[in-house]
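**Student:** Those protein sequences? They're chains A and B, same order as listed. Just so we're aligned, residue 1 is where the first sequence starts under the working numbering, counting upward by one. Just so we're aligned, residue 1001 is where the second sequence starts under the working numbering, counting upward by one.
Hints may be right or wrong, so weigh each one.
Stated by the list, open to error - Okay, the calculated bits of chain B under chain A, using three or more residues with CB under 8 Å as the criterion:
(1) 1115-1127
(2) 1438-1447
(3) 1476-1483
Quick caveat, the hints were computed from the structure, so don't treat them as lab data. In this text, a Cβ means the ideal position worked out from N, Cα and C, and glycines have one as well.
Number of protein chains: 2
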Amino acid sequence: MIATLKFTTLLLAVVVCWATQDYGYKDVEEPTLGDSQYGSLWPLPQKVQMSTVAFKLSGASFQIVDAKESSSGASCSLLQNAYRRYDEYIFPISRMQGQNKKKAFASDVSELQVWITSADSECDSYPSVTSDESYELSVDSPVAVLKAPKVWGALRGLETFSQLVYDDEYGAKSINRTEIQDFPRFAHRGLLLDTSRHFLPIKVILANLEAMAWNKFNVFHWHIVDDHSFPYMSRTFPQLSQQGAYHPYTHVYTPSDVKMIIEFARLRGIRVVSEFDTPGHTQSWGKGQKDLLTPCYSGTSPSGSFGPVNPILNTTYDFMTMFFKEVSTVFPDAYIHLGGDEVDFSCWKSNPDIQKFMAQQGFGTDYSKLESFYIQRLLDIVTTTNKGYMIWQEVIDNGVKLKADTLIHVWKGNQQQYQAEMARVTASGYQTLLSTPWYLNRISYGQDWQAAYKADPQDFNGTDAQKKLVVGGEACLWGEFVDATNLTPRLWPRASAVGERLWSDKDVKDTNDAYSRLIQHRCRMVQRGIPAEPLFTGKASHLVEQGILVLGIHGLIDVQLEGEGGVARGQSSQGCGVALKQRRKD
Amino acid sequence: MIATLKFTTLLLAVVVCWATQDYGYKDVEEPTLGDSQYGSLWPLPQKVQMSTVAFKLSGASFQIVDAKESSSGASCSLLQNAYRRYDEYIFPISRMQGQNKKKAFASDVSELQVWITSADSECDSYPSVTSDESYELSVDSPVAVLKAPKVWGALRGLETFSQLVYDDEYGAKSINRTEIQDFPRFAHRGLLLDTSRHFLPIKVILANLEAMAWNKFNVFHWHIVDDHSFPYMSRTFPQLSQQGAYHPYTHVYTPSDVKMIIEFARLRGIRVVSEFDTPGHTQSWGKGQKDLLTPCYSGTSPSGSFGPVNPILNTTYDFMTMFFKEVSTVFPDAYIHLGGDEVDFSCWKSNPDIQKFMAQQGFGTDYSKLESFYIQRLLDIVTTTNKGYMIWQEVIDNGVKLKADTLIHVWKGNQQQYQAEMARVTASGYQTLLSTPWYLNRISYGQDWQAAYKADPQDFNGTDAQKKLVVGGEACLWGEFVDATNLTPRLWPRASAVGERLWSDKDVKDTNDAYSRLIQHRCRMVQRGIPAEPLFTGKASHLVEQGILVLGIHGLIDVQLEGEGGVARGQSSQGCGVALKQRRKD
């Protein structure tokens, strides 16, 4: 027993009466709040066997350690950092009270031994789309063992282990005898953040990378620049951010900022895929790079405004060659996202030089051919950097010739349309990613996580071979209406729904069970410091004696976290403080 | 000049290119971002004459003081507190740097003299629906004068004065020669927060009271208890919160908490109207008060569940008499909101004792007659406490006899329906409040503040006499989906739209002009410490050298506030850091 744990009475939460308080405004059917046999696990592992036998964990003696047989040791700072991080997640109270861990309080489970089983742990590598994230977790007394071929699986397994720990009826840290075999359903589980429409302070990005790891996301799609601003500070072309950022010093990502974000992500098994979208969405590029954009014409003279990248000048391709050469070294990931969406042809059409070029090339008046011409040359340039590329669906819709390993990012249309697109793209033999149903910038009243949860990227008419070309999906939070004031609660726990869809087995789709686990997962995120918004009515947890989680500003706003006390008298708990042990079955 | 001000180049923001980046998801037309002749004033005063003549303010010498002629003096702590508060809002930088205000840097405007013109300043009173909030503000050199009959108008005028101050091209605090005569269009400008569905920490309530004052709201409608929880700690019936709160110690409002909130509100000219909603919405009451709720029957035996308050027992009325006697002393406001909405008759219908009572009373099977019977007796009880009452519209829809001064709160239906209801209610001679179009818990993608802004509570078919019975309206943020993690950015600046609608002249309805002012007003709220969400794309302001506004958790998330630097190169600014002087006209 940990000396600091309070003796408390925790009662089971019961189903809250949802029915009557909607003020005529209910849009989405509320799921039933029951108890999941899987406690608070999120996303649900592929195979879970959980016993009712419960063990105690003491923060004073429990340790996460390298297994003797492990190919990874003390020199692997990725794992050593992760051990410390998860120790703090599991024992936040003892940490806060500065408890001396050398005191010998016996734990039923004294160690979690982390065993990297393959010769190369990949500790110092970057994660990739082919990274092995599988792991096996065996929780028993006196030791628990986490086996994984690579560090990436170990990271996922550590998160799972931390989710198995719960407070028993007396508040004591406990874990049940459990066997888990786990691996992701999809290799690419991404989240897009947009740092152009609003600049996001680095700490917001880091906080959300942390939350991504808790939800087993593995790709941060960094939509870093766009029309609105160019916060990427380029060494080769410093004028791009100097002129194109909202502010040249305070609203930019310096080379060292970018490096730090990539390393922070790597330590959590998250790839950073940068997007430099062209030829459209480039208004901010034009401010710092003369002649890059197409001058638009009003009648026979330039109007003073500019359109997409000018595809008819050699200087454009010289610029792109140098720019993407830099980008390919700054971002270690094997892929670059090249955008290619929403190219507005009206400016090209207005420009007499472009018209002449169209005639010379025999494009007639088909400006999608001009777009293809540009993209083709851009892809050739990027190919020389040895990077793979991702592009938005328009590029293939417009018939551009693509390398066989190109990843097509589907984002348009309604359900019928995006499913047809997934079928078309995979029928052409391309790999694909889905985002359409996961535009989380779209908000609505009610429990909209359910719609995100129900979407399935392999749900389209196609052969098994086609289905295998679906590498995953991405939740997107475009930046029109979010900045540091509201981004994080708007994203979580809604993005968690996408996280489970992309990790767990395709048959994991019981919304009621998911709701029960997600409520607890949300509480855990709040307890770990992310202001994830509530799913529905209920009690916020509290940590009155142990410390205060400050969500607010100027010290005005607190959120109270779980500590002593708990859920009583049949109120809805949203899972915080509920004794999980009673939910387990054998 | 203030020594600490940085010399900066601030350029005018220009219209951002909205048109192309909606990802197929645009719902609401974006207003045009121009410059308002009224700078950042919000809500717009009734009469504003602004000159291009600009004066400098130095934080080292400028003071807010009592005018010699004022009926209020140093003993009025309400005003003295307000002077300090607004001094800090106007000079946040010098405050942060601990500048010695005794240094003699000349200000073109050295003083704002606050002159309470009536014999009774009402400094120690509570605000009421008849409080005089009018004021006149004259900004000139060497002194500015704020005249108001009562302290309430002085508070509103101080806010307006603070909104007139801007940073010039060099970052120097400036204010233009200005004459303002101002008063509210409606006497009741409310905001409803719901502390039952989720408990709200006191500091969240205080932060939002602060923001209410910046938006000239004057009623905090405290929907304090409901089905979900009973956080109000009653001295007379302590079991109500002991059993009915989410947690009996941490999730309650003690008598001293309530007192503190009421005083914090009073100091900002805000009334606190408590709502104790009966006979429905009372599940949490039943936990701590035996026999208060109606036992529901399943066939011939009690089902174990409970319905609305039991209207046939004398003990119910004994309880209500004692309970509302307490409430009437705890809450000094002249009004109590008694709820009365959404009474579900099914439980009453199932209960044989209720059936018998119905027969005895000759109610037949018309349960709305039973509801009226209950409400009638409740109103009689509350009348003995000398309080007025507000009730939701169902009470009058069901034909309950009401005192002539009852305030009917309209919340149901679509636009046509609520306008018809406003017409019916006022035709019956009752005063009314509108909330239907201002259910801010309803969220959608895009700029939904515009819909709230366009609604007008006097927009219905009725005589002038009927229109005069509209005392105002309330923005409502029901608590199903909000708690401390997301409430504040979801509320602001959306509620600001309601604030202007209820304060400003009915002809103030130019959405483009409002947009320009609201963007700047939102920035001001962020700078003052409220994480108001963005209205659209744009640059967050920054205060890198002067300090950091921490919005986040565990120190992870910063938002950078305005300081040196500003808006350059034609980017959208959302108004932060824009030199307002260039926007003024004579």
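**Student:** List, from low to high, the hint numbers that the structure doesn't satisfy.
**Tutor:** As far as the earlier hints go, only 1 is violated by this structure.
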